[in-house]
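Asks: Protein chains in written order, with the numbering used here: chain A, 1 to 294; chain B, 1001 to 1253.
Hints may contain errors.
[Said to hold, decoys possible] Listing some non-contacts, in silico: residues in chain B with all C-beta distances to chain A over 10 Å:
{"#": "1", "residue": "Q1069"}
{"#": "2", "residue": "R1091"}
{"#": "3", "residue": "E1134"}
{"#": "4", "residue": "D1194"}
[What the hints assert, rightly or not] DMTMM-like mimics (lysine to aspartate or glutamate), calculated; alpha carbons at most 25 Å apart, straight line:
{"#": "5", "chain 1": "A", "residue 1": "K198", "chain 2": "B", "residue 2": "D1077"}
{"#": "6", "chain 1": "A", "residue 1": "K198", "chain 2": "B", "residue 2": "E1102"}
{"#": "7", "chain 1": "B", "residue 1": "K1250", "chain 2": "B", "residue 2": "E1236"}
{"#": "8", "chain 1": "B", "residue 1": "K1154", "chain 2": "A", "residue 2": "D192"}
{"#": "9", "chain 1": "B", "residue 1": "K1154", "chain 2": "B", "residue 2": "E1185"}
{"#": "10", "chain 1": "A", "residue 1": "K198", "chain 2": "B", "residue 2": "D1218"}
{"#": "11", "chain 1": "A", "residue 1": "K198", "chain 2": "B", "residue 2": "D1032"}
{"#": "12", "chain 1": "B", "residue 1": "K1250", "chain 2": "B", "residue 2": "D1218"}
{"#": "13", "chain 1": "A", "residue 1": "K198", "chain 2": "B", "residue 2": "E1160"}
{"#": "14", "chain 1": "B", "residue 1": "K1154", "chain 2": "B", "residue 2": "E1134"}
[Unchecked claim] Listed next, the stretches of chain A that the computed footprint assigns to chain B, with coverage defined by at least 3 CB atoms under 8 Å from CB atoms of chain B:
{"#": "15", "region": "101-107"}
{"#": "16", "region": "199-207"}
In case anyone wonders, no lab produced these hints; they're calculated from the structure. Backbone N, C-alpha and C fix where the C-beta goes; we use that ideal spot for every residue, glycine too.
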Amino acid sequence: MPSALGEPPHARPQPPKRLGRDMRQKAQRKNKQRKTALVAGSGAALKLSPFFSLLFLLACWHWITARALISPILVPPPSAVFTALADALADGSLAKHSATTLEEMLYGLAIGLGIALALGYAIAKVPLLEYILSPIIVAFQSTPIVAYAPLLVIWFGQGPQSKVVTTAVIVFFPALMNMIVGIRGVSPRLRDMMRSLKASRWQTFRHLELPAALPVLLAGLKTSTTLAIIGAVVGEFVASGSGLGFLVTLARNQYDTPLVFVSVLTMTAIALSLYSLVTLLEWRLLAWQRRSAL
Amino acid sequence: MILSLRDLVVSFRAPAGDLLPVLGPISFDVADSQFVCVLGPSGCGKSTLIRVLAGLQAASAGSARYQAQLIQAPSADIAIMFQDPNLMPWRTVLQNIALPLELRGMPRQQRHRIARALLPQLRLNGFEHAYPAELSGGMAQRVALGRVIVQQPKVWLLDEPFGALDALTRERLSLELLRLRAGGEQTVIMVTHDINEAVLLGDRLIVLSRGPGTIVDDINNTLPRPRHVEMMYQPEFIRLTRRVRAAIDKPSG
């Protein structure tokens, strides 16, 4: 039976010789210079271009609604959404619901990642565990969470606990896979080296396995953060008394489309912020990769 | 005798299930402070021999002893250096050299001071904060050598340490190795397939047969120390390289 879970990536080949490295570097440097020459003077414009595209989108939106091409019940004008946003901020309801969702996400992430990393480490170390657990894990992963979220609400109640569980479940799988792949990808030669230095199991984890797996783990963490909000909101859709998913349901029932827009955009903002936070973490923790890539 | 091998045999289990002998039976003793070079055709089990001595590979039969103790696990007295530098790409030069001391629980300042003191003799001055990917092959191997030296081991096990380098770099590093072992107290077992390198460095040259390797010749190298490159043109040097080559080329069995 071929292994169903994380195939170890090909052992990263150690660059054997550095012949021609200088030449390659020079060529790269030249390329870089050429590129900067092409966009010279437009550097600021390049950085601002995402804002321009957003602005353009906003303008289109405004134009469509101003011309009444679509009923405002379906797509409210930007001004109505801004008013709704201001109202929701003023009465504190947006902050309250955002806090609920964010809290569910963070707890769910902590629990889901914690279990996934521990289990992933165990599976990477004990292949037998993989054979025993992979059918269950794969089955769990293939079933749409939306389908069994109601079950989780029945089991864990209408409060935030059931949302924490849905979040934990949804972030679990990518983190598990990445942990397995990361740990299995550790060079056996570096393992030998650590063994010859009489490193303990903990030292091997702390000084070899964790840093070696970190690039893969952080990539998985990015996926997990974007999934976390799905988990929390799906849970809130099923049954809840607060949270952004609850706010969407509430607004929809009152045909308050601007408020639906506000809630959805807030989710986007939360997801993007968490994602950026992980990117920042990556930037800091993997500084050596940037230096090495030159 | 610091190291002593008796009828050592190592076999691996082939995927089909049958035992595949890779080394031995082999017996020899190594005196304290001896520099032994082990030569042989590829696949003769040279690296396996080193791994047994390092405690990374169990013997299938026979025994390998360090100071009369059976070698069953890695020891702090015995350090190994591989053909690849095997540096941790996320650690700087200094952190890589200091790694063994860190694992022994030495405080950061102390271990970095010791590692930094090694940089001049490793000719790595100014590179302490470089990452391995920024180094040339020869420099990376010198970092690996530094990682051996900080351990202050009694035995150096070198598994084709310069095998992946170009000829000139290899020759220079070989001589640097002798200089770094200045006191000459350490026992060295070095696997190589470069006959000149072996004759230039070793007190003793052990030639293994095609796998499973057994000893074909065990040569006492009486060239005086300190050794230098000029010796490679002396009749005695040439006589020794001839003898080693003849032993390697000898059809086995």
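Asks: All the hints need checking, so say for each whether the structure fits it.
Replies: Do the hints match the structure? See the list:
no.	hint	result
1	Q1069	holds, 15 Å
2	R1091	violated, 8 Å
3	E1134	violated, 7 Å
4	D1194	holds, 17 Å
5	K198(A) - D1077(B)	holds, 11 Å
6	K198(A) - E1102(B)	holds, 12 Å
7	K1250(B) - E1236(B)	holds, 21 Å
8	K1154(B) - D192(A)	holds, 20 Å
9	K1154(B) - E1185(B)	holds, 8 Å
10	K198(A) - D1218(B)	violated, 32 Å
11	K198(A) - D1032(B)	holds, 23 Å
12	K1250(B) - D1218(B)	holds, 14 Å
13	K198(A) - E1160(B)	holds, 22 Å
14	K1154(B) - E1134(B)	violated, 31 Å
15	101-107	violated (count 0)
16	199-207	holds (count 3)
In the structure shown, a violation is registered for the earlier hints numbered 2, 3, 10, 14, 15, in ascending order.
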